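K.L.:
The primary structure of each chain is shown beneath.
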Amino acid sequence: MTTTEKPQEFNVVGTRPIRHDGVDKVLGRALYGADIRLASMIYGAVLRSPHAHAKITRIDTSKAEAMPGVFAVMSGKDMPLVASGALDLGETVDDTAFTSDRIMAHSKVVYKGHPVAAVAAIDSNTGLEALKLIEVEYEVLKPVITLEDAMAPGAIVIHEGLIGSDLGEQVKNTNIAVHNRLEFGDPEAAFDQSKTVIERTFIISRAHQGYIEPHASTAFWAPDGKITVWTTTQAPFGVRKTISALLNQPLSNIKVTPTEIGGGFGGKIPVYLEPLAAVLSKKAGRPVKIQMDRRAVFEASGPGPGGTVKVKMGVDDKGKITAATADIRYGAGAYPGASIGAAASGIFACYEVPNVRVDSYDIVINMSKTAAYRAPGTPQATFASETLVGELCEIIGMDPMEFHLLNASKEGTRRPDGPLFPRVGNEGCLLAIKGSDHFKSTLEPSAEGKLRGRGMASGYWNGIGNKSSVTINVNEDGLVSLIEGNPDIGGTRTTIAMQAAEILGLPAEDVHPAVGDTDSIGYSDLTAGSRTTYATGTAAIEAARMVIDEMKKRVAMIWETEYENIEHIDGMFISKVAPDQKFTFKEAAGKLGQTGGPVALTGTVNVRGSGGGSFGTHLVDVEVDPDTGKVEILRYTAAQDAGKAVHPSYVEGQFQGGAVQGIGWALNEEYYTSEDGVMINSTFLDYRMPTSLDVPMIDTIIVEVPNVNHPFGVRGIGETSIVPPAPAVANALADAIGARLYQTPMNPGRILEALAAKQSGK
Amino acid sequence: MTQIPEQQFVHKVPVQCTLNGQSTEFLAAPYLSLLEILRETLGLTGTKEGCNDGNCGACTVNVDGRIVDSCLMLGVEAQGKNIETIEGVAPAGGLHPLQQAFLEEAALQCGICTPGFLVSAKALLEAEPNADEHRIRLWLAGNLCRCTGYDKIIRAVEKAREEMK
Amino acid sequence: MHPYQYIPATNITEAVSALARYGNRARILAGGTDLLVQLRGERYELDAVVDAKAIPELVELTLDGGLTIGAAVPCYQVYENLAIAAAFPGIIDAASLIGGIQIQSRASLGGNLCNSTPSADGICPLIVHSGVVTITGVDGTRTMPVEEFSTGPGRNALGNGEMLISINLPKPAAHFGAAYQRFIPRNEMDIAVVGVASAITLDATGQKVESARIALASVGPTPIFAKQASEFLAGQTATEETFAKAGAIASTEATPISDMRGTIKQRHHLVEVLTRRTLVQAVRRARGNA
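First to last, the protein sequences are chains W, L and H. End of the first sequence = 772 in the working numbering, gap-free, step of one. End of the second sequence = 171 in the working numbering, gap-free, step of one. End of the third sequence = 639 in the working numbering, gap-free, step of one.
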């Protein structure tokens, strides 16, 4: 572990307790989205469009309605399109009309898998059989699948109502929802004066988060108008807001209970099934559960966008960056909202660049709307910038590590979108890798004639702060229960509880955390943006401080002294005036009944920003079979700045998991799509995510450069780890085979082609 | 409640098996998978559906000492079989060494794949108490995990292997 | 999914009469690892599945010089049998890489054959081991070489009311070796981009090829017996150079398409590579089998 300054002293933070929800999860008792079983519950099924682009000319559901075992049937008319408006989901803002149309088609289908009708039936197979009885007639339209087609003059326009924004100007009849530009300095002039300038275009595949749990939602719409929803989501309050807006129901009539969540990575922020389950439930008078199958997850939920990124970079004779420009174009899917903002701010964030221009385009195409995918938009952009840097270093004959260190962004560096970095860990990560055994080791040649190479890349993710609530209840036995509002995807119950425990002076095990429903905890923004341990942790600290403060008052009452005379040190309440008077937390808690009753306090925060974000640097060794193009990952080391690692095991786990997702994206993952906009590889067999046999152990180095924005210095760390892998692998492959690939996935076929092109002297 | 006319059904079949050590009887529509029977008919929701086509291993159960994807076996095929699900892995009042190791090594993040991994790994260590890292990775290749990058899962299995010796 | 009946058959007559009764609305259930996925995906509808795992002939696994593999014998029983592994290495290569461990607990080589995909890992090794299938229907029993069984993607020689009973492999000659390799981008849980099985019989010196059989997966509408490459090898000296030539010939016998798993060019290339590699491996095994 690299520590760059004398750390704060902690008792709980930095230790590795067993997670509080762990026993339930290893016993199979934890209840995920599909595990909800309610009395008289029935099962929903969704009819999805076979076409990527078509007008709906007729829907007849009468035969399905008449089928025995069917309780309710719905289509677009049962969920009328709502007016356009802002739907603020905490990290992103969607449009209400587009969201309404995305969830259930009205006049037109705009992606394969677009829901056109739904049924609720006695069991799931009866529901599927009923779908076959629904008659839908389509007028098939030519789908717009490629970015070139979508942007071409005279392109088929997917949404007639879409008003595009081109550098702030309104544009009609377009598929380009947004064109933004970030700019400072004079990049053209700087390029002219550079020693070396290179420009390359990269193509990045659309890739799915690949969470193992399919979407699943259950809803009950009671006769009194109260709607209760159980769903696997990263954003229970976002679900509440979306249902309220789409079904035009009072916000407070809706209670959303987040179930355990089987992975999300951003993909479980959007709402898909919840309003359908609610509408069917209202019609049927019973709770309705709907699950997606894996094909629907691939076809109709939101993966990360693919696209093209053109990058140009200039350096002077010392290798110092003079200017950089980028043109980022992402396919948003059928509605606007590819993560171009983060892509633009992140693409050059690892560097000090005096002259910058970044153009970014959010482009509508006839595929399912993309969603956030771990550091949304940034792995794609960084694949381009960091692979380009790798090639630039080759051209100018400079060691990539020295190039990174020479040009690294640091405190005071201006990010392309404007902000100046506070203290950040970019250089710390580079130095951690430089000092690693892996970096110092020699990559031995293969004994079997295979080609080996080493590559590195850095990456950045800013993350968000935002709103969180945490309630702490002090129990009479001296333990506390803690309620928070963030679904726990990877151990955040524990990292939040540990921060409260640190303040309370209790062991982590004495704080019992739970994720509350939207009625039982104050508003909390989504589990996303690397914010949960950081921002909700801040709320937990706040709540714990309030509890200690209140407990001091109670203790003062018992000891018949003033509040000011009570100290809380190392978990003990001590009287300054009578030093022999001491209470443990437990003793004090046991006396609350005599001093005014329960202590149950809520900390709420609205944390501004992330405090600078988290940088990471990855180093990878690969081996290529020159006969087949097959790639093995031989060795992998990931270093990243955690600010302060609350639970180091789960920090390491985030580094490792992100690295392997990134390796998958680099080597094999893509939407293989027909000209008609149909994803052909919509199974885990053909959407090739890494198995345990495809990766080695992932070594980790936790760098700790404290975050000035958090009481303990904690940074959000969940997302950065997916940013460096693809370019690190690309640079290692180039080192191995002596040729460069500019497109993900860098699969065996493409590697063979690159080898053949090199041999033919191209 | 709407009653479904008899002719709509393919008749359900009575099935008798041993489930987590207990003799168990149930009625199964013949076209339902063992996964659906476990989850919907028997309420054992610890066995998860990830893909429903045998490519993720989240629904892994042990049938007569062999691990299978319960989505690729019919419930009626359970007749006469000895079946163990995640709910049967822990001894009464305790945890199996693998479960303990998964907790200590932080081998789960979201936890949805965990039941499948535990059932698979238990079968491995029972069959091959000395399985090395490569063998563990090969054996578990039918179980997908998207959160951990597998590192901590492999370490947990190695730790349990030592514990079980 | 259309609801279907489950018919557990305890003998061949029961199974065949059930198949005859339902026509093409019934199929045999062995491991179910393809059948249940295809039914769920509504590739076709059935009114019944006939479980064949209680029929003695279909779960028979007998090594008596030759090898009889009942059509429903799961892969693991084949590869966990050390005597079979020693005598029929090409079969073991395939049985141990179909799916993952869970799949191998249920999937059978017979099922792999009846599913009749061009990419089937199990078929090519059976071809190069000179396998013969036994088929029974209402009109009696017939046999045919494995290479004649598949007739197109998902199609095979089974007529209405017929079922595959077993696969019979002759006793390998002295100095015989075989191997199967496939190319996949991942290391497990994948469909062959190309698969090649090679079998070779050397003369007593271990230097000269007496006969060879090569079969190719995933490069045509059915698994392909590469006749020309096989015949070319007879009488040749067993060198890498010879094997490379055999690979080039085999490549001309492949008729691949481009799809999500690979391109035509890539597949032709991989046929050459894998033919060479499997021949090298087969020869190594043959020399160890003196």
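Hints are computed from structural coordinates only; laboratory data are not their basis. Keep in mind the model is a prediction, meaning the values are calculated, not measured. Just so you know, not all the hints are guaranteed correct.
[Unchecked claim] These stretches of chain L come out as covered by chain W in the derived footprint (C-beta under 8 Å, 3 or more residues): (1) 45-54; (2) 60-74; (3) 92-99; (4) 116-127; (5) 146-152.
[What the hints assert, rightly or not] Partner residues aside, some chain L positions facing chain W, computed with beta carbon under 10 Å: (6) Leu33; (7) Gln105; (8) Ala137.
Note that the Cβ used here is the ideal one computed from N, Cα and C, for glycine as well.
K.L.:
Against each hint, give a clear statement of whether it holds in the structure.
P.N.:
Against the structure, the hints:
1. 45-54: holds (count 8)
2. 60-74: holds (count 3)
3. 92-99: Three-residue rule met by the stretch 92-99 of chain L, so holds; n is 4.
4. 116-127: n = 7 at 8 Å, threshold three: holds.
5. 146-152: It holds, with 7 qualifying residues against the three required.
6. Leu33: violated (13 Å)
7. Gln105: At 4 Å from the nearest chain W Cβ, Gln105 of chain L passes the 10 Å test, so the hint holds.
8. Ala137: violated (13 Å)
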